[in-house]
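Asker: Each chain, letter by letter, is given below.
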Amino acid sequence: MESDVLVVDDSAAIRKILQRVLRQTGMAIGTVHEAGDGQEALELLKAHKIDLVLSDINMPKMDGLQLLGAMKASPQWNGIPVMMITTEGGETKVGEAVRLGAAGYVRKPFTADQIKEKLAGIVELALPL
Amino acid sequence: MNNETLVNAMSQATTQVFSTMLGLEVQVVGSSVERGMPDATDGLVSFIGLAGSWAGTGSLTCSKALGCRISSQMLMTETTSIDEEVLDVVAEITNMVIGSVKTDLEAELGPLGLSIPTVVFGRNFTTKSAGNTDWFVVRFQCEGEQLIVKMCLAPSDKVSHVIPHSLGQTCSVD
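Here the protein sequences come in this chain order: A and B.
Each residue of the first sequence is one higher than the last, beginning at 0 in numbering that gives the first Met the number 0.
Each residue of the second sequence is one higher than the last, beginning at 0 in numbering that gives the first Met the number 0.
Because the hints were derived from the structure by calculation, they are not lab data.
Just so it is clear, CB atoms sit at the ideal spot from N, CA and C, and this is done for glycine as well.
Warning: the hint list may mix true and false statements.
[As the list claims (entries may be wrong)] A short, non-exhaustive set of chain B residues, derived as facing chain A with CB atoms under 7 Å:
id : residue
1  : M73
2  : E77
3  : T102
4  : P110
[Said to hold, decoys possible] Here chain B is said to cover these stretches of chain A; the calculated rule only asks that three of the stretch's residues, wherever they fall, bring their Cβ under 8 Å from a Cβ of chain B:
id : segment
5  : 9-19
6  : 107-113
Could you build the full structure based on these sequences and the hints that come with them?
Answerer: Structure below.
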């Protein structure tokens, strides 16, 4: 069964790279939806059945922590694993992401292998990929 | 925070981001502390703000050719002219470089926030920040082109207002 993924980042370049990495994982990836901020992500979550979210933290309008909080507060979305991919390396925001229920995080700059390795752990625990 | 700590953090962050995300090698060719308005420049300048108990601005400056090369490496597509994609890539690379420096400095300075980056592309333009803060400048060589990373950072009560302004003659982008 293919899983649909939502990639949330205000950088189109990062969304493009993550699309490419997802296709290289060997996992059964279906549609990869893209959002430029948390608000757009929530609209896509309402419109599609999403199995996994990869999200930046620092974004305009609604940041990744607000998106994560909104998802975890929703009975409809709280089971969707969310992996944060961010320049934030400090305890404050990463700690907040973990406290809110992020399935994992990867710090930018990242290699494709780091993303694949972290995704494999998340998939093993939570996804029917 | 001493000057050496900041310059080392800027050098290491730039080297790591260019190596990891772009597969490009950069060599440090010098560092300095500057104050006042720099000479007019051509090419791309990307700015990102830092805020917290300390505040300031980080920037990355490169030529059109290096901007295109950076974009080509990151997206694995050949790029020869400046377009939205190149500006986006340069903004994201700036975000990663200054974000890495920020993380290194947070242990000493406490939590800092990052703004969304802004990129300027043009010819013969000058940038200036309000306030009298010193700029720490690290110059690199990358693919035969110059790359400059700058940061100004001061305790928040000493920074009046730090905003990049573009001044002087401007011309259309090609």
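Asker: Can you list which hints this structure breaks, lowest number first?
Answerer: 2
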